[in-house]
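Take the sequences, apply the hints, and build the full model.
Protein chains: 2
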Amino acid sequence: MDMTQDELKGLKIKFNNEGLVPAIAQDHKTGEVLMLAYMNREALERTVKEKKAWYWSRSRNKFWMKGEQSGHIQDVKEVYYDCDIDAILLKVDQTGPACHTGNRSCFYRKIKI
Amino acid sequence: MDMTQDELKGLKIKFNNEGLVPAIAQDHKTGEVLMLAYMNREALERTVKEKKAWYWSRSRNKFWMKGEQSGHIQDVKEVYYDCDIDAILLKVDQTGPACHTGNRSCFYRKIKI
Numbered sequence: 097m098d099m100t101q102d103e104l105k106g107l108k109i110k111f112n113n114e115g116l117v118p119a120i121a122q123d124h125k126t127g128e129v130l131m132l133a134y135m136n137r138e139a140l141e142r143t144v145k146e147k148k149a150w151y152w153s154r155s156r157n158k159f160w161m162k163g164e165q166s167g168h169i170q171d172v173k174e175v176y177y178d179c180d181i182d183a184i185l186l187k188v189d190q191t192g193p194a195c196h197t198g199n200r201s202c203f204y205r206k207i208k209i
Numbered sequence: 097m098d099m100t101q102d103e104l105k106g107l108k109i110k111f112n113n114e115g116l117v118p119a120i121a122q123d124h125k126t127g128e129v130l131m132l133a134y135m136n137r138e139a140l141e142r143t144v145k146e147k148k149a150w151y152w153s154r155s156r157n158k159f160w161m162k163g164e165q166s167g168h169i170q171d172v173k174e175v176y177y178d179c180d181i182d183a184i185l186l187k188v189d190q191t192g193p194a195c196h197t198g199n200r201s202c203f204y205r206k207i208k209i
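Residue numbers (the numbering used here), protein chains in the order written: chain L, 97 to 209; chain G, 97 to 209.
Please keep in mind that the hints were generated in silico from the structure rather than gathered at the bench. Here a beta-carbon is modelled for each residue, glycine too, at the ideal position from N, C-alpha and C. Possibly wrong hints are sitting among the right ones.
[As the list claims (entries may be wrong)] For lysine-lysine, the following DSS-like pairs were computed, each having C-alpha atoms within a straight-line distance of at most 30 Å: (1) G/Lys208 to L/Lys110; (2) G/Lys173 to L/Lys125; (3) L/Lys105 to L/Lys148.
[Said to hold, decoys possible] Pairwise CB distance ranges (calculated): (4) L/Lys105 to G/Leu107: 38 to 48 Å; (5) G/Asn113 to L/Asn199: 24 to 34 Å; (6) L/Gly115 to G/Ile109: 22 to 32 Å; (7) G/Ile181 to L/Glu164: 19 to 29 Å; (8) L/Lys148 to G/Asp182: 18 to 28 Å; (9) G/Asp102 to L/Glu146: 41 to 51 Å; (10) G/Gly115 to L/Gly115: 12 to 22 Å; (11) L/Gly167 to G/Asp102: 38 to 48 Å; (12) L/Met161 to G/Lys208: 12 to 22 Å.
Shown next as structure tokens:
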């Protein structure tokens, strides 16, 4: 089921009304879910080409390579897309914490159930 | 960091312009990422209360309890929210496949990198 970059260009990803798709970053060794961010088509293409995670920042309205400031980069090992082609899953080798708070994962707080 | 249901009501979740927040469902035992769907506040409150995963269907414009038709329910073990309070992570015990295609996970296709 693997595809080439040309096939990637043809992949009918369902971007939302902002032209974005949610991307989950997961530690490829431990399975820990590290963060959720957004990609547009170019961020996905950069990620696939460079094997570093690129996202689109909704607050700053620009591309960012995860870790470009902090050094906490994500080396991308595998890229999956879901059945509806409206979500992306990256399996990454995370350098340092994924979260800007210094926590390993952005999902460090729990709702009591 | 746990919270009561009253505190949940006060939690300032950043819903998007459709009133939704993305929710990742992850197998609580294996760590496999199973799917990504969307919740509004009521879906999250139902999930926390009933310990079954409830989502908001954007295509059908209604609540759905995962598995209400298929029987492939998600027993919710833990609920996390992220640093920006704009994404949810459910750790679940998944009955049967999570994906409507019959695959265990919705992320069964890979982009070659």
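Verification of the supplied hints:
1. With a CA separation close to 19 Å, the supplied pair G/Lys208 and L/Lys110 stays within the 30 Å bound.
2. With a CA separation close to 22 Å, the supplied pair G/Lys173 and L/Lys125 stays within the 30 Å bound.
3. Distance restraint check for L/Lys105 and L/Lys148: the Cα-Cα separation of roughly 18 Å lies within the 30 Å cut-off, and the hinted pair is therefore satisfied.
4. For L/Lys105 and G/Leu107, the hinted distance range of 38 to 48 Å is satisfied, since their beta carbons lie about 40 Å from each other.
5. Taking the beta carbon of each, G/Asn113 and L/Asn199 are about 28 Å apart, inside 24 to 34 Å as hinted.
6. Separated by about 23 Å at the C-beta atoms, L/Gly115 and G/Ile109 satisfy the suggested range of 22 to 32 Å.
7. Range check, G/Ile181 to L/Glu164: about 24 Å between beta-carbon atoms, so the 19 to 29 Å window is met.
8. The supplied range of 18 to 28 Å is met by L/Lys148 and G/Asp182, whose beta-carbon atoms lie about 23 Å from each other.
9. The hinted range of 41 to 51 Å is satisfied by G/Asp102 and L/Glu146, whose Cβ atoms lie roughly 46 Å apart.
10. With their beta carbons about 20 Å apart, G/Gly115 and L/Gly115 fall inside the hinted range of 12 to 22 Å.
11. Between L/Gly167 and G/Asp102 the Cβ separation comes to about 40 Å, which falls inside the hinted range of 38 to 48 Å.
12. Look at L/Met161 against G/Lys208: about 21 Å separates their beta carbons, and that is inside 12 to 22 Å.
Violated hints: none; the structure is consistent with every hint.
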